[in-house]
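Protein sequence lines correspond, in order, to chains F and D.
Following this note's numbering, the numbering of the first sequence begins with 1 at its first residue and continues without gaps.
Following this note's numbering, the numbering of the second sequence begins with 1 at its first residue and continues without gaps.
Treat each hint with caution, since some may be false.
Which copy? The list can't say, so a pair holds if one copy fits it or any two copies do.
To be verified - Once the Cα atoms are required to be at most 27 Å apart in a straight line, the calculated BS3-like pairs of lysine-lysine come out as:
| no. | residue 1 | residue 2 |
| --- | --- | --- |
| 1 | K327 | K227 |
| 2 | K55 | K34 |
| 3 | K352 | K273 |
| 4 | K352 | K175 |
| 5 | K265 | K234 |
| 6 | K327 | K195 |
| 7 | K175 | K327 |
| 8 | K340 | K175 |
Calculated directly from the structure, the hints in this document are not laboratory data.
Protein chains: 2
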Amino acid sequence: MQTCIQLASKGKGFVSPNPLVGSVIVRDDKIIGKGYHKNFGKAHAEVNAILDAKKNGHNVEGAVLYVNLEPCSHLGKTGSCAELLITEKIKKVVIGMKDPYEKVNGKGMKKLRDAGIEVVVGVLEDECKELNKFFIRFVTKKLPYVSLKIAQSIDGKIALNNFKSQWITGEASRKFVHQLRSEYDVVLIGKNTAKYDNPSLTVRDVRGRTPYRIVIDNNSSLPENLKLFTDEDKERTYVVTGISKKSVTKIYNYNMIRVREKDQKLILKDILKKLYSMDISSVLVEGGANLYSQFAKSDLYDDIYLFIAPKIVGRGISSFSDFEVTKLSQAKNLEFVYTKKFDRDILIYSKKCSQA
Amino acid sequence: MQTCIQLASKGKGFVSPNPLVGSVIVRDDKIIGKGYHKNFGKAHAEVNAILDAKKNGHNVEGAVLYVNLEPCSHLGKTGSCAELLITEKIKKVVIGMKDPYEKVNGKGMKKLRDAGIEVVVGVLEDECKELNKFFIRFVTKKLPYVSLKIAQSIDGKIALNNFKSQWITGEASRKFVHQLRSEYDVVLIGKNTAKYDNPSLTVRDVRGRTPYRIVIDNNSSLPENLKLFTDEDKERTYVVTGISKKSVTKIYNYNMIRVREKDQKLILKDILKKLYSMDISSVLVEGGANLYSQFAKSDLYDDIYLFIAPKIVGRGISSFSDFEVTKLSQAKNLEFVYTKKFDRDILIYSKKCSQA
Numbered sequence: 001m002q003t004c005i006q007l008a009s010k011g012k013g014f015v016s017p018n019p020l021v022g023s024v025i026v027r028d029d030k031i032i033g034k035g036y037h038k039n040f041g042k043a044h045a046e047v048n049a050i051l052d053a054k055k056n057g058h059n060v061e062g063a064v065l066y067v068n069l070e071p072c073s074h075l076g077k078t079g080s081c082a083e084l085l086i087t088e089k090i091k092k093v094v095i096g097m098k099d100p101y102e103k104v105n106g107k108g109m110k111k112l113r114d115a116g117i118e119v120v121v122g123v124l125e126d127e128c129k130e131l132n133k134f135f136i137r138f139v140t141k142k143l144p145y146v147s148l149k150i151a152q153s154i155d156g157k158i159a160l161n162n163f164k165s166q167w168i169t170g171e172a173s174r175k176f177v178h179q180l181r182s183e184y185d186v187v188l189i190g191k192n193t194a195k196y197d198n199p200s201l202t203v204r205d206v207r208g209r210t211p212y213r214i215v216i217d218n219n220s221s222l223p224e225n226l227k228l229f230t231d232e233d234k235e236r237t238y239v240v241t242g243i244s245k246k247s248v249t250k251i252y253n254y255n256m257i258r259v260r261e262k263d264q265k266l267i268l269k270d271i272l273k274k275l276y277s278m279d280i281s282s283v284l285v286e287g288g289a290n291l292y293s294q295f296a297k298s299d300l301y302d303d304i305y306l307f308i309a310p311k312i313v314g315r316g317i318s319s320f321s322d323f324e325v326t327k328l329s330q331a332k333n334l335e336f337v338y339t340k341k342f343d344r345d346i347l348i349y350s351k352k353c354s355q356a
Numbered sequence: 001m002q003t004c005i006q007l008a009s010k011g012k013g014f015v016s017p018n019p020l021v022g023s024v025i026v027r028d029d030k031i032i033g034k035g036y037h038k039n040f041g042k043a044h045a046e047v048n049a050i051l052d053a054k055k056n057g058h059n060v061e062g063a064v065l066y067v068n069l070e071p072c073s074h075l076g077k078t079g080s081c082a083e084l085l086i087t088e089k090i091k092k093v094v095i096g097m098k099d100p101y102e103k104v105n106g107k108g109m110k111k112l113r114d115a116g117i118e119v120v121v122g123v124l125e126d127e128c129k130e131l132n133k134f135f136i137r138f139v140t141k142k143l144p145y146v147s148l149k150i151a152q153s154i155d156g157k158i159a160l161n162n163f164k165s166q167w168i169t170g171e172a173s174r175k176f177v178h179q180l181r182s183e184y185d186v187v188l189i190g191k192n193t194a195k196y197d198n199p200s201l202t203v204r205d206v207r208g209r210t211p212y213r214i215v216i217d218n219n220s221s222l223p224e225n226l227k228l229f230t231d232e233d234k235e236r237t238y239v240v241t242g243i244s245k246k247s248v249t250k251i252y253n254y255n256m257i258r259v260r261e262k263d264q265k266l267i268l269k270d271i272l273k274k275l276y277s278m279d280i281s282s283v284l285v286e287g288g289a290n291l292y293s294q295f296a297k298s299d300l301y302d303d304i305y306l307f308i309a310p311k312i313v314g315r316g317i318s319s320f321s322d323f324e325v326t327k328l329s330q331a332k333n334l335e336f337v338y339t340k341k342f343d344r345d346i347l348i349y350s351k352k353c354s355q356a
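Assemble the whole structure, with the sequences as input and the hints as a guide.
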């Protein structure tokens, strides 16, 4: 199953909003075929594993197939995997987790069992769920998975009061952020971050594709010479605007996503719903304080990558400066999952916690 | 040497401003005697180790003695240890680190070598230096060692704007803080912390003695019914005041430490010098933001115990809210040494870093 997860991970950044799936076929304790879901709409992992086994001259009849997600039962862009495994006379199927997608959700396993195939489910289930957290959120809540990425000093400052902030953390941290970007569908930032930092938000220090770069700018007032609007990836930049099509008075040099304003504001949940409707299953929020605060207020984030630089900054812009509670019991609760050193910085990875 | 360090650690909280010293005597690869420096002014570790060996019927002549700090050469409150080792005909002395105290500083080793004893120095030297960081600071800089202990949310807030803050971190973190208190000579706080938190600053959840509790209150205006001034340890509470003896107009129910004001302010360095003159070698600063900021400005701290609670607080009091820089390059640099989980909280321990 560990091998399935590793194989599945190779699809990161390319299969969304489909799940990451890896599969291996085993006979006599030896792996005779491996496969993974490589690209959205392309062959599923099980198909690739069977093709791989056959290509290497193996017969898959009577073999055991391992896969991190329940084989599909429906006919989507590709054939039903459950049917294929029955046709190929696989003897036993070991599954990491049930597919929560409503069109599958146990139907794949039922089909296999009805055909007399032995089915085991729940192997390394937690790891399999972590692997497909974007997909699970997407199909169960009909919203994208949201991670906040924050880089701050030990005293919680993401910038000085004059908005000076770039490179508060070191190179190793930034490289990891590039890795993250390559795995998310979208990097989302607020207007001030776009204006003051003028970031590229591209994937530079690691291999991988640049995500969609989306800026929230309700009145489309950002200068059009920003890197996001002019660099070689500019086709992948979108501005979320509240301006309706008919009230547009000029031509913009960037793609727009229209969300209706309420009280002259864009509501975060409306933006996320819109992104969901665009088949976006994961969003990495890279600032600034106003946007982080909106996510905290609305409870619409799932986890936080908090990079802490070994610095005391003092007065400046706090990471959640626009969020306010009157009692400590109203503070948002998290659960620390792990810490990791990146050269001189520390990353604290935490998940939202619904209980106090 | 590891055993010496463990033995020495038993003296934590009781030997200041003397060093923590542990010693073992070995013959034929077996430990025949152990000792440590138990209380300020009492027998040194080497003496206790020799007495221990003799008590158990061992002859120490020709044995090897291990000790984490160079044996003393001068006659202080006790006899010179170097002389004793010569008299007792110890064959070889293995030393963790040279004693930086000006009255020793190599003279102990010289005495031993002149008497024909083999001397090895620098064994586990870093660990030995860490063990005696208070003592080293005290004798080399003539100032106490200063640690900042900060408990904050992930966004760097130590309290809400209404000063509500108590128990931002959990029980396990607080227990560790009690352990720290038992090892420092002094716990130091500012006036606002005394007033709004009304803390006890005692050692409750672990065994150990309560340190001196010192509050900075330049005009002695704190209410006299605070816990610090009324509880059973009130004799161990001191107020640093700028009021001179002759301008006192009332009788206070607490001990005072007088430091001369400059421009109606108390200068941190003057306070620390005063504490040094009182034989205080270690200070644990427990808040609040104003005091932390003064330490940051003046570079008079040595390390930071930063406890982070898994909470987003938003608007509130930042840990270093009275410190300000105009460029990021002026931020104070630290070096992260380790992180440790305390139940739901994380401790990040860092040291001051002189280089960027």
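Hint numbers contradicted by this structure: none
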